[in-house]
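All residue numbers for the sequence shown refer to the working numbering, where the first residue is 1 and numbers rise by one.
No lab work stands behind these hints: they were computed from the structure. Note that the Cβ used here is the ideal one computed from N, Cα and C, for glycine as well. Any given hint might turn out to be false.
[What the hints assert, rightly or not] Pairwise CB distance ranges, derived in the manner of DEER restraints:
#  : residue 1 : residue 2 : range
1  : D222      : E323      : 51 to 57 Å
2  : E239      : Y183      : 24 to 30 Å
3  : Y183      : D224      : 48 to 54 Å
4  : A61       : Y259      : 19 to 25 Å
5  : E239      : A216      : 17 to 23 Å
6  : H282      : A217      : 55 to 61 Å
7  : E119      : R254      : 25 to 31 Å
8  : D219      : P287      : 52 to 58 Å
9  : H282      : P170      : 30 to 36 Å
10 : R289      : E239      : 27 to 33 Å
11 : D224      : E119      : 49 to 55 Å
12 : R28       : D222      : 46 to 52 Å
13 : A216      : T162      : 38 to 44 Å
14 : F326      : F89       : 17 to 23 Å
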Amino acid sequence: LVNFEGDHFRTRLTHTLEVAQIARTIARALHVNEDLAETVALAHDLGHSPFGHAGEAALDAAAEAVGGFDHNVQTFRVVTRLEQRYAAFDGLNLTAETLEGVLKHAGPLRGAWPAAVVEHPQCADLRLDEQAPIEAQAAGIADDVAYCNHDLDDGLRAGFFTLDDLAPLPLLGPIVAELRLTYPDLRHERLVHETVRRLIDRMVGDLIARARAGLAALDPQDADAVRRAPSALVGFSGELREAVRALRGFLHERMYRHYKVNRMALKAGRLVTELYATLVSHPHCLPGRWREAAGDAGSARAEAAVRDYIAGMTDRYAVDEHERLFRLTSWSA
């Protein structure tokens, strides 16, 4: 939600590119399938609604009657059914390994599986209650590394906190102190960049070292041995895990609960809720195939179609669509 402060803050796309780069780096260091790790990383947020988790929460509440909304399940639906570009099939015709990674990059699926997954013909091959393959684990943890670091960078750029505020943090304090000692005349912008760069290096280095040790101890002969492991093999060591937890706590307090972010989250939730209610009641205002898919006003079909339509929007498109529907001075359709 900070990207509305200007063009130099992260978006869902830039976040995804950063996740893909980190995932490929980890996969290369572990000598596993780099292409698979990168593919899972590139796909992992395809189903995310506009406005991040604020938009997801609003869409989930609005669509409660048709099962709510979950961006991981939506990603699966996008790559298996909703993307309609090819003559011979719906979706992207991805391999079972890629689908497994997309669904399990955050860990095994516990409890009841979503209907969209159960109904898929490859469901039995996905082994959803077991550990994810190494490549998907790399993509999942790369997501954590990327968002921690880009939120830190964006928070500093937006002025939510300063480098001095980071001094008490066990991971960042020493990095900032060392940089200031080594480069006392370094410009602030370069100091921020170097701080984030070194933090990423520290986090990724720890992940690789721990994963190598775990793989050496497990000595897997095939991918199934990784799936059957009692826990994920790609993760932070105990010391770094606590340091990352402290960083997340800091970001939660100083950034995610900042009044500007709260205001944007409030506006985003209202925008998504208003779009959903209006389009479900007036599906004839939907464009193209979405209008055909929606059927009658107020029906379950209309709710499902509107949910998928809104989920596929970018932040900017959602704002523009809301203006087209509600702003009386906007005559663009």
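Hint-by-hint comparison with the structure:
1. D222 / E323: 51 to 57 Å: 54 Å Cβ-Cβ, so the 51 to 57 Å window holds.
2. E239 / Y183: 24 to 30 Å: At roughly 26 Å between Cβ atoms, Y183 and E239 fall inside 24 to 30 Å, so the hint holds.
3. Y183 / D224: 48 to 54 Å: holds, 49 Å
4. A61 / Y259: 19 to 25 Å: Since the Cβ atoms of A61 and Y259 sit about 23 Å apart, the hinted range of 19 to 25 Å holds.
5. E239 / A216: 17 to 23 Å: holds, 20 Å
6. H282 / A217: 55 to 61 Å: holds, 59 Å
7. E119 / R254: 25 to 31 Å: violated, 43 Å
8. D219 / P287: 52 to 58 Å: holds, 55 Å
9. H282 / P170: 30 to 36 Å: violated, 54 Å
10. R289 / E239: 27 to 33 Å: With a Cβ separation near 52 Å, R289 and E239 fall outside 27 to 33 Å, so the hint is violated.
11. D224 / E119: 49 to 55 Å: violated, 25 Å
12. R28 / D222: 46 to 52 Å: violated, 20 Å
13. A216 / T162: 38 to 44 Å: holds, 42 Å
14. F326 / F89: 17 to 23 Å: violated, 38 Å
Hints 7, 9, 10, 11, 12, 14 from the list above are not met by this structure, while the remaining hints are.
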